[in-house]
Amino acid sequence: MALESIALEHLPASHTVHTALFRNVKNASFLHQQLLAGNKDFEYALIDASVIMSRLHALAAAYRAVNDSLESRLRSRNVHSEIVFSLSPNNNIAESFRRFGITPQTTNLLAIKVSTPSSPATATEIQSHLSKEVDGEQVEFSDEVLQTMTDLARVKKIYKLNSTGGGNNGGKKGVNGTSGLGASGLEDERKELEILVLGSMALRGATN
Amino acid sequence: METETIPAIETAPIERPPLPPVFQYPSAVPPSLITQGAEALLYRSTYLLPTLPCALKYRPPKPYRHPTLDLRLTKHRILSEARVLAKCRREGVPVPAVYALDETAGWLMIEWIEGEVVRIRLNEWLQQRKDEGIAEGVDDDRLVRLMERVGRAVGRMHAVGVVHGDLTTSNMMLRPGRHAGPDGDSAVGDVLAGDIVLIDFGLASQSTQDEDRAVDLYVLERAFGSTHPRAESLFKVVLGAYGKSFKGADVVLKRLEDVRMRGRKRSMLG
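The listed protein sequences correspond, in order, to chains A and B.
Number 126 in our numbering belongs to position 126 of the first sequence; there are no gaps in the numbering.
Just remember that our numbering sits 1000 ahead of the position in the second sequence, which is counted from 1.
Be aware that one or more of the hints could be misleading.
[Claimed, not checked] Here chain A is said to cover these stretches of chain B; the calculated rule only asks that three of the stretch's residues, wherever they fall, bring their Cβ under 8 Å from a Cβ of chain A:
(1) 1024-1036
(2) 1049-1060
(3) 1080-1094
(4) 1097-1103
(5) 1145-1154
[Stated by the list, open to error] From the derived model, a few chain A residues whose C-beta atoms are all more than 10 Å from chain B:
(6) N24
(7) T122
(8) E133
(9) L186
No lab work stands behind these hints, which were simulated from the structure alone.
In this text, a Cβ means the ideal position worked out from N, Cα and C, and glycines have one as well.
Can you build the whole structure from these sequences, using the hints too?
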């Protein structure tokens, strides 16, 4: 399994987003240390995949970070730390690193790197560097795999989506049908949660 | 003596403001203009991946406004619309999801809703029935059920503390049902089938005042009467379903009677 390079919609071709997902990572502590030390070779967004719901969830953060970088209004050190910060529902940067970033305990790791005109890394270079430095099993960056890693309870807690729960739960009748969510089941509930998460990210800090 | 002729008016070609820079970058589906309101332009485009359609609402700068004021108003409106949409979605009101926004650049990206606005579907249906020579009030189960869904959707929105500000049948979509309803609402060829989705929250605000809610209903009632005169009699079904949709709805309906007597503006000023 190799890294996936994605040209996001409405971003310049020079800003390709590279993604690599790992499980059973054994050297998270080392990787975490490289970030703290500001090691220039480790310019990645290193994300704890247990708080990522889906591809869209991660890509939305990447999109926002690159967009903010193009508009010259990064709030954190660089576009990669900004990706981690973009996952946050609030403006607390340090907290966003603790919640979404790699920790010494991380076992499921999502690495995102953005090629930029000033540092035009190629997919091959990134892949070989990650293969060398990450001690873990690289897996497909897909919704199916991500789902096996997601800690939904934690995601709900972070985005404060526990109490309301879409309003359609709790046996309440939906507006449009006789059954509400009812039989449509887990898949739809997850989809709806993802949508609420994307909304919280888009409205970061502007909700109140 | 020469007669003076008035100088010809120079007609500047109508120019559409260019999209903000970020949307001039490549995308699988370039933004295409869908509709234009007084304040905003609505495009269809894609978000993140070529497979995910989105609606892009862009509020271009107004050249006649002071730039500082213009920026402030635009920021405020983008954020307030996005907040209201996110709140509605969290609380189970059927509205488009918020995908992304840039209040400084003046754009808001939301979920693309398939289907057609209720105004068009309803008129199609009324026309069909007229062509078939079916009298009003005869065999109009489907219409009644649509009206009920409209009433419930508006009621749900009011219940969570949001007023729309511009309720019309053009600001409601009828989205093809994802799961066929047990009541056969998704029968083939039924133009009135589908889920109601409320759209265009550009004038929405957060309020739980009976007056604001009643004005919302009044605006819808007036719009309904003028857009679909042949279905006007069925508006009571909307109100009936609304009345049962949340605690306090009956008070709003009482207030609606006052609003009908005097019109939308309570104060005579302004």
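Status of the hints after comparison with the structure:
1. 1024-1036: holds (count 4)
2. 1049-1060: holds (count 3)
3. 1080-1094: holds (count 10)
4. 1097-1103: It holds, with 7 qualifying residues against the three required.
5. 1145-1154: holds (count 3)
6. N24: holds (28 Å)
7. T122: Label holds. Min Cβ-Cβ 19 Å, cutoff 10 Å.
8. E133: holds (28 Å)
9. L186: holds (14 Å)
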